[in-house]
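> Residues per chain, in single letters:
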Amino acid sequence: MKVGGMEQRLRREAAALLEQGKVDLIIGFADGSLKFTTSPLITSDKDDASRLVINPFIANNLSVFLTGVKGRVGIVAKGCDSRSIVSLLQDNKLAREDVFIIGVPCSGIIDLTKVENLVGRDRDEIDDIVRDGDKVTVTVAGKASEFAARDVLFDNCLACELPTPQEYDLLLGEPTPAADDESKAASQEKINRFKAMSPDERWQFWQNEFSRCIRCYACRNVCPACFCERCFVEEAEPTWVQPIPRWQDNLIFQITRNIHVAGRCTDCGECERACPVNIPLRSLSREMYDIVDGLFSYQAGRDKEAPPLLACYEATDVVDFIR
Amino acid sequence: MTTKKIKKEGIAKLLTEWGQEFTVFVPSREEGVAKWSEWDGKGSGFLDWYRNTVVPPKALFLPPMETMFSFQKEGDGYHTELPPAAEKGWLVFGIRPCDAKALAVLDMTFKDAYQDPYYLTNRQSGLLVGLVCTSPCDSCFCTSLGGGPDDMANVDLMLTQIGDQFLMEAVTDKGSKLMAKTKLAQAATKANETKAKKAKELARSKVTRKIAVDGISEKFRASFEDKDYWEGVSAKCISCGICTFLCPTCYCFNISDELLKKHGERFRSWDSCAFPLYTKMPMENPREEKWRRLRQKVCHKYEFYPYSFEVIACTGCGRCIRLCPVNWDITQVLSNLPDQEQVRLET
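These protein sequence lines are chains A and B, in that order. Oh and the first sequence: position 275 is 275 in my numbering, straight run, nothing missing. Oh and the second sequence: position 92 is 92 in my numbering, straight run, nothing missing.
To be clear, the hints were calculated from the coordinates, so they are not data collected in a lab. Only a predicted model underlies this, so the values are computations on that prediction, with no experimental measurement involved. Keep in mind that a hint or two might mislead.
[To be verified] If you want the footprint, here are the derived chain B segments under chain A, 3+ residues with CB under 8 angstroms:
#, stretch
1, 37 to 45
2, 254 to 267
3, 324 to 331
[To be verified] Distance condition first, Cα-Cα at most 25 angstroms in a straight line; then the derived DSS-like pairs of lysine-lysine:
#, chain 1, residue 1, chain 2, residue 2
4, A, 114, B, 35
5, B, 35, B, 13
6, B, 261, B, 7
7, A, 195, A, 114
8, A, 93, A, 304
9, B, 8, B, 181
10, B, 197, B, 174
11, B, 280, A, 70
12, A, 190, B, 35
13, A, 35, B, 206
14, A, 93, B, 290
15, A, 22, A, 304
16, A, 143, B, 206
17, B, 7, B, 195
18, B, 177, B, 8
19, B, 227, A, 70
20, B, 4, B, 197
21, B, 35, A, 35
22, A, 70, B, 290
23, B, 111, B, 88
24, B, 8, B, 206
25, B, 4, B, 198
26, B, 198, B, 210
27, B, 210, A, 35
28, B, 290, B, 227
29, B, 73, B, 261
30, B, 42, B, 183
31, B, 227, B, 280
32, A, 46, B, 227
Ideal Cβ positions, reconstructed from N, Cα and C, are used throughout, including at glycine.
Can you make the complete structure from the sequences, with help from the hints?
Right under this line is the structure:
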C-alpha cells in the first residue's frame with residue numbers, strides 16, 4: 001500500500017477508535033511547523049484524526065509518551081517503536097489491554113543531516129525531498145538531484161531487521177523488507193570508525209565528544225527505555241555524578257544510561273537524533289545492543305512473553321554469582 | 001554615523017589586529033555544531049557557512065559550567081581563591097542582532113539588585129561586532145519582537161555584507177574608536193551604503209514567521225489558570241533542557257560544591273525550569289506537572305520579564321523551535337493563547 005493510502009486509512013481508523021470509545025487518546029504524528037518535520041500529536045478529539053500523517057519524516061518513537069498518559073491509548077508505531085512498546089510490556093510499565101497498536105510497516109526515516117551534507121544546503125533552504133522506493137529526489141533552487149535511499153536514511157534504519165511491527169492491533173499496510181547486507185554494512189560506518197581506534201585513541205575520541213555535552217538530558221527524555229521515575233543523575237545523596245557538564249561526568253552519565261537500557265534499547269536511534277550537539281550516541285547504544293545479542297541471544301522487544309533480560313535470572317545461568 | 005568598508009579577504013587581518021588588544025571570539029564548528037570559540041588565527045572561513053550558532057553567545061558570559069572559586073582546607077578554616085581574571089577585553093565578532101539583544105536582556109538580570117561579577121566582568125570590558133543576518137532561518141521570528149536581521153541597537157559596530165566586501169557602521173563610541181583605529185578599512189561610498197540598505201531590506205523580507213505580541217500580557221493573565229490549554233500544549237514536550245539551555249536569554253543556574261580530600265571547588269552551571277528537580281523542595285514541588293513547568297518557561301519570557309524590566313525576554317532567534325526533538329513551537333503556543341472569552345477555568 002502506498003504511503004498516501006496508509007495515511008487515509010489511519011485517519012479513518014483513528015477517528016473511529018475515538019468515536020466508538022475504544023481508546024481515550026490517539027498518539028500519532030502531525031505535520032511539524034518546519035520543513036520536512038513532523039511533530040507528535042496527542043489528542044482525544046476525533047476531529048484531530050484528519051491531521052495525522054505518515055511520511056518519511058515520522059522520526060519520533062512515540063512510545064515514550066505511553067507511561068505518562070492515562071486511559072486506553074491508540075498509538076502509531078513503526079517497527080522499532082512497537083518493539084519499545086513490547087519492552088515496556090515486559091517490564092510491566094504498561095498493560096497490553098491499555099494500548100491499541102496501529103502498526104506502520106516502515107521503509108526507513110530520512111536523516112535530514114545526511115541530506116544537508118549531500119546537497120550542501122541547510123534543511124530550510126531545500127525546496128523538496130521526495131521518497132520513491134529506493135530513490136530520494138532532493139530539489140534545491142529548482143534543481144532536482146537523485147540519491148539512493150540508502151544514502152539519506154538514518155543509520156538505525158539501515159540496520160533495521162524488523163521494520164514491520166510484529167506486535168499490533170491493526171497493521172496499516174503490507175510488510176516491508178528487512179535491511180539487506182549492503183545497508184547493514186553502511187549502517188556500521190560510524191561505529192567502525194571508533195572501533196578501529198586503539199583504546200587510547202578511543203578514550204580521546206569520547207572525551208572530545210562528551211566535552212560538547214550540555215547535559216540537557218534530551219537523550220534520556222526521548223528514550224522509552226529510560227522510564228525511571230527518578231534518574232540516578234538526580235540523586236544528591238550520594239551524588240553519583242555532578243550536575244555540571246564536565247566531560248567526565250557527562251561520560252559517566254551516558255555509560256550508566258547505556259547499561260541501564262541494555263536489553264531494553266531497540267535501536268530506535270532517538271537518543272542520537274535528539275542530541276543538539278551531535279554526539280554519536282547510537283555508536284554506544286548499538287554496540288550495547290550487539291553485545292546483549294551476542295552474549296544472551298536477546299533482542300529487546302521481540303517477545304512480549306520473555307522475561308526482561310536484566311530483571312530476571314535463572315539457576316542455570318552460566319555465571320554463578322547470583323547463587 | 002560614520003561608515004567604512006572592508007574587503008572580505010581583509011577580515012582575517014582585521015581580526016589579527018583586534019587580537020592585539022582583545023580576546024576575539026568568532027563562530028566555529030565542531031562535528032557540525034556551531035558555537036563560539038576564541039579565534040584560532042586561521043582566516044575567516046566561518047563567513048561562508050555561518051547563519052547562526054547552535055550554542056548562543058550567552059555561553060561566553062554565562063558558560064555551561066564555571067568555577068566560582070576554589071577552596072583549600074587550612075587548619076580550622078578554608079582558604080579560598082577566585083579564578084584568574086581575563087587579561088584582555090573580549091570582542092565578539094559576527095554576533096547576530098537577535099543574540100546581541102539577548103545579551104542586553106541578560107544584562108538586566110545580572111546587574112539588577114546584585115551585580116554579578118562572573119557575568120559582568122567580561123561583558124563590560126567587551127565589544128560586540130554585529131553581522132547583519134542576510135540568511136535568516138525559517139524558524140526565526142525576530143521582526144515580531146521589535147528586532148530584525150539588521151537591528152543595530154545592541155552592537156558597538158555593525159557589518160553588512162555587500163558583494164565581496166562589508167560595510168562597517170559604528171553604533172557606539174567604543175565602536176567608533178575601534179573603527180577609527182584600523183587602517184584596513186576605507187571610507188565607504190554613497191553607493192556602498194545604498195547597497196547595504198538594500199541587503200538589509202531583503203534580509204528583513206526573509207523573516208516570514210510572525211507572531212502578534214500586542215496585549216500578550218493580558219492574554220497570559222487571563223489564561224494563566226487555564227489548565228486545559230497548558231496541558232494540551234505541553235502534552236508532547238519531553239521536558240529536556242534543549243530549549244532553555246540553548247535559549248540566548250535563559251539564565252537559570254545551579255551552584256554545586258565538590259570536595260576531594262582537602263581541596264574543593266564551587267561550580268555554577270546551567271539549570272532549567274523544564275526539569276522537575278528544579279523546583280523540588282523537601283515537602284512539595286510546585287511545578288511537579290509538566291504543564292506548569294512549560295507555562296513557567298513561556299510566562300517568564302513573555303509575562304514576568306516584561307513586568308520586571310519592561311522587555312520581552314525572547315528575541316525570536318528560533319533556536320527553541322529548530323532544535324526541539326518534538327518540534328514544540330513557541331510561536332504556535334503564543335498565537336493560540338486563549339482570549340479572555342475563550343479561557344476555560346475550573347470552578
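> Does each hint fit the structure? Answer for all of them.
Here is how each hint holds up against the structure:
Restraint check on the stretch 37 to 45 of chain B versus chain A: 0 residues with Cβ-Cβ distances below 8 angstroms, three needed, restraint violated. Using a Cβ-Cβ cut-off of 8 angstroms, 4 residues of the stretch 254 to 267 of chain B lie near chain A, which meets the minimum of three, so the contact claim holds. Evaluation of the coverage hint for the stretch 324 to 331 of chain B: fulfilled, as 6 residues show C-beta separations to chain A shorter than 8 angstroms, against a requirement of three. At most 25 angstroms may separate the alpha-carbon atoms for a hinted pair to count; residue 114/A and residue 35/B meet this at roughly 20 angstroms.
Our distance criterion of 25 angstroms between C-alpha atoms is met by residue 35/B and residue 13/B, whose separation comes to about 22 angstroms. A distance of roughly 56 angstroms separates the Cα atoms of residue 261/B and residue 7/B; the hinted pair therefore is violated under the 25 angstroms criterion. Pair hint residue 195/A plus residue 114/A holds up; C-alpha atoms about 22 angstroms apart against a cutoff of 25 angstroms. With a C-alpha separation of about 12 angstroms, the suggested pair residue 93/A and residue 304/A falls inside the 25 angstroms cut-off, and the hint holds.
Between residue 8/B and residue 181/B the alpha-carbon distance is near 18 angstroms, which keeps this suggested pair within the 25 angstroms criterion. Note on residue 197/B and residue 174/B: the hinted pairing holds, with a Cα-Cα distance of about 23 angstroms set against a maximum of 25 angstroms. Of the supplied pair hints, the one linking residue 280/B and residue 70/A holds, its CA atoms being roughly 24 angstroms apart against a limit of 25 angstroms. The straight-line distance between the Cα atoms of residue 190/A and residue 35/B is roughly 23 angstroms, inside the 25 angstroms bound, and the hint therefore holds.
Note on residue 35/A and residue 206/B: the hinted pairing holds, with a Cα-Cα distance of about 15 angstroms set against a maximum of 25 angstroms. A hinted pair counts as satisfied when its Cα atoms are at most 25 angstroms apart, and residue 93/A with residue 290/B qualifies at roughly 20 angstroms. Taking the CA atoms of residue 22/A and residue 304/A, the gap is about 22 angstroms. The hint holds against a cut of 25 angstroms. For the proposed pair residue 143/A and residue 206/B, the alpha carbon gap of about 21 angstroms is at most 25 angstroms, so the pair holds.
Our distance criterion of 25 angstroms between C-alpha atoms is met by residue 7/B and residue 195/B, whose separation comes to about 15 angstroms. With a C-alpha separation of about 21 angstroms, the suggested pairing of residue 177/B with residue 8/B holds against the 25 angstroms cut-off. Under the criterion of a C-alpha separation no larger than 25 angstroms, the hint pairing residue 227/B with residue 70/A is consistent with the structure, at around 16 angstroms. Restraint check: the Cα-Cα separation between residue 4/B and residue 197/B comes to about 14 angstroms, which is no more than 25 angstroms; the hinted pair holds.
For the suggested pair residue 35/B and residue 35/A, the alpha carbons sit about 23 angstroms apart, so the restraint of at most 25 angstroms is met. Of the pairs offered as hints, the one joining residue 70/A and residue 290/B holds, with about 14 angstroms between alpha carbons and a cut-off of 25 angstroms not exceeded. The hinted pair formed by residue 111/B and residue 88/B meets the criterion: a straight-line CA distance of about 21 angstroms does not exceed 25 angstroms. Taking the CA atoms of residue 8/B and residue 206/B, the gap is near 23 angstroms; set against the 25 angstroms cutoff, the hint holds.
As the CA atoms of residue 4/B and residue 198/B are separated by approximately 17 angstroms, the hinted pair is consistent with the 25 angstroms bound. Distance check on the hinted pair: residue 198/B and residue 210/B sit about 22 angstroms apart at the alpha-carbon level, within 25 angstroms; holds. Taking the CA atoms of residue 210/B and residue 35/A, the gap is near 16 angstroms; set against the 25 angstroms cutoff, the hint holds. A C-alpha spacing of about 11 angstroms is found between residue 290/B and residue 227/B, which places the hinted pair at or below 25 angstroms, so the restraint holds.
With a C-alpha separation of about 9 angstroms, the suggested pairing of residue 73/B with residue 261/B holds against the 25 angstroms cut-off. With a CA separation close to 21 angstroms, the supplied pair residue 42/B and residue 183/B stays within the 25 angstroms bound. The suggested pairing of residue 227/B with residue 280/B holds, with an alpha-carbon distance near 21 angstroms, which does not exceed 25 angstroms. For the suggested pair residue 46/A and residue 227/B, the alpha carbons sit about 21 angstroms apart, so the restraint of at most 25 angstroms is met.
Against the hints set out earlier in the document, violations occur for numbers 1 and 6.
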